[in-house]
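Participant: Sequential numbering from 1200 applies to the sequence shown in the working numbering.
You can take every hint at face value.
Derived Cβ-Cβ restraints for the label pairs, each shown as a range:
1) Ser1261 with Ala1219: 47 to 57 Å
2) Val1264 with Asp1244: 20 to 30 Å
3) Glu1237 with Leu1281: 52 to 62 Å
4) Tyr1259 with Lys1231: 27 to 37 Å
5) Thr1253 with Lys1276: 32 to 42 Å
6) Ala1219 with Leu1255: 41 to 51 Å
7) Tyr1225 with Phe1277: 50 to 60 Å
8) Asn1272 with Arg1222: 50 to 60 Å
9) Phe1277 with Lys1231: 53 to 63 Å
10) Lys1231 with Thr1253: 31 to 41 Å
11) Asn1262 with Ala1238: 26 to 36 Å
12) Gln1212 with Tyr1259: 51 to 61 Å
No lab work stands behind these hints, which were simulated from the structure alone. Think of the CB as a built atom: it goes at the ideal place given N, C-alpha and C, for glycine as much as any other residue.
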Amino acid sequence: MSPGTEMPRDIQQVNASLEATARNRYLANRKKTLSKFEALCRMFDGYTKLIPLTFLLGFYVSNVVSRYAHKDNLERKFKLYLEDSQIQNVM
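Take these sequences, add in the hints, and give me the full structure.
Facilitator: Printed below as a string of structure tokens:
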């Protein structure tokens, strides 16, 4: 079919009915998914009352710092080495 020409009426009706069916199924699945998500949120909300959020954040931050602190020390040593070698080249 070339651009600018219309589809036959029966094809338009089939297309519209398929689109409506797909939209209804999508909305039904969306409602189910939202209700499952809300139940999951309620469950996690119950767990946050057991363990304080500040404790969890502190635990997370300490893990991140301990994991990447050695990289920072390596960068500092490398920087000192470069600065020292540049000073020796100038003298």
